[in-house]
Structure formats: C-alpha cells, structure tokens
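If you're matching them up, the sequences are chains A and B in order.
The first sequence begins at 1 in the working numbering and counts up by one.
The second sequence begins at 1 in the working numbering and counts up by one.
Some hints could be false.
To be verified - With a straight-line Cα cutoff of 20 angstroms, these simulated SDA-like cross-link-like pairs (lysine to any residue) come out:
1) B/Lys103 x A/His50
2) B/Lys42 x A/Gln42
3) A/Lys57 x A/Thr105
Rather than coming from a laboratory, the hints here were simulated on the basis of the structure.
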Amino acid sequence: AQRVTQPEKLLSVFKGAPVELKCNYSYSGSPELFWYVQYSRQRLQLLLRHISRESIKGFTADLNKGETSFHLKKPFAQEEDSAMYYCALREGAQKLVFGQGTRLTINP
Amino acid sequence: EPEVTQTPSHQVTQMGQEVILRCVPISNHLYFYWYRQILGQKVEFLVSFYNNEISEKSEIFDDQFSVERPDGSNFTLKIRSTKLEDSAMYFCASSGSRGYTEKLFFGSGTQLSVL
Chain A
1 AQRVTQPEKL LSVFKGAPVE LKCNYSYSGS PELFWYVQYS RQRLQLLLRH
51 ISRESIKGFT ADLNKGETSF HLKKPFAQEE DSAMYYCALR EGAQKLVFGQ
101 GTRLTINP
Chain B
1 EPEVTQTPSH QVTQMGQEVI LRCVPISNHL YFYWYRQILG QKVEFLVSFY
51 NNEISEKSEI FDDQFSVERP DGSNFTLKIR STKLEDSAMY FCASSGSRGY
101 TEKLFFGSGT QLSVL
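Full structure from sequences and hints, please.
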C-alpha cells in the first residue's frame, strides 16, 4: 500500500528561524505530492503541489525521488505559519493518501 | 473564493441510528469526495463520486455507507446504522476535474459523535 510518513507530530521553532517539515513516501509509480495546511478554525486547504514548482507564502517543497521525500521548507518562519500541515500523495486519479500531519508552532 | 459547505458542523447520535451528513460542493465542480479523520489519526479517503455514481471507494466504505447527489447541488453521506467507531470528523471535498494535479476544495467538516 502507498504510504506517507510525517515523522514529527509536533514542531516548534522561533519566529525568523528556518522551518523544515519532513515528509517521506512510498509509491511504486511516479508520485504526485501535495502539502495541505489547516490553520486554526479554518478548513483544510492546498498549500502547494510538487508539479507546479511553486512557492506559496514563502514555502517550497522539492521532490527527491532518490530519498523518496517531499520536505516542506521556509527560510524564515512567521507567526502566522502556525498550523497543522499534511503531506499527501495522490493514488490513482481519485484518492489522496495523507500523512499523520505535523503541528507547527511558531514562537514569538 | 467559492467554498464547499457542510452541515451540520456537529452531529451527535446514538449507536445504531442512521445519520446523513450534507455537503454543498462548489457549483461548477464535477468530482466529489468524502474523507474522514478519527481523532488523533490520519485523514482517510472514503469515496469519490462522479457522474452520479461512485468512482472509487476505500475498504472503510462498506455497506453501511452510501452517497447520493439527490438534487444537483447537495452531496450526502449516509451511515445506516452508526457504530461507536464511526465517530470522526467527516470532510466533504470537490474538484473541477480529475486531473492529477487538480486541487481539492475541502469543507470545514462535520464532527460526528456516536454515543
């Protein structure tokens, strides 16, 4: 079965410090990976997708097929980045497989 | 930005009772989904729906579950006889197409508590 692993349930960093949220996956084909974010009292929403090679809110994520990783990074954390972050893998055309999620807290 | 709407936000029911969770997807979307998240666990796929039929379902989506798009705007999830382990946050989602990079728009969820 396809799997997405986020090893850190909780991550706490200081404002202005770099952030890296880890995500590893197992997938037999060519993976399609996403990061979704859920801010406090808000709905789950797409942050970025690997195929777009985009930077959203200062976050980037590079797909590393050799390490089967899709870590989310931001060079300088801001307090408004505090949220729950989910890495997700598309399986087939219809289904997203989510990781456990990492709760990121940015300390002032 | 358009939103997926879910009602109710909280639902409490007795074990063995039927529940219907309601969702209004974004109006021009064609693909509809239900996911759920048991407290402390991962968000899990339940079912996808397109062209008035189920296109994919997970092992969780057994005979106790059904989905329907009764009137062209609502998308419902029915659990016929709820069990304690059905207690979870249920998320509806929709997307405009089936493309591999397509963005899913999620509702804010219905918290189902089975007593």
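Structure versus earlier hints, numbers of those that do not hold, lowest first: When the structure is compared with the hints, none of them turns out to be violated.
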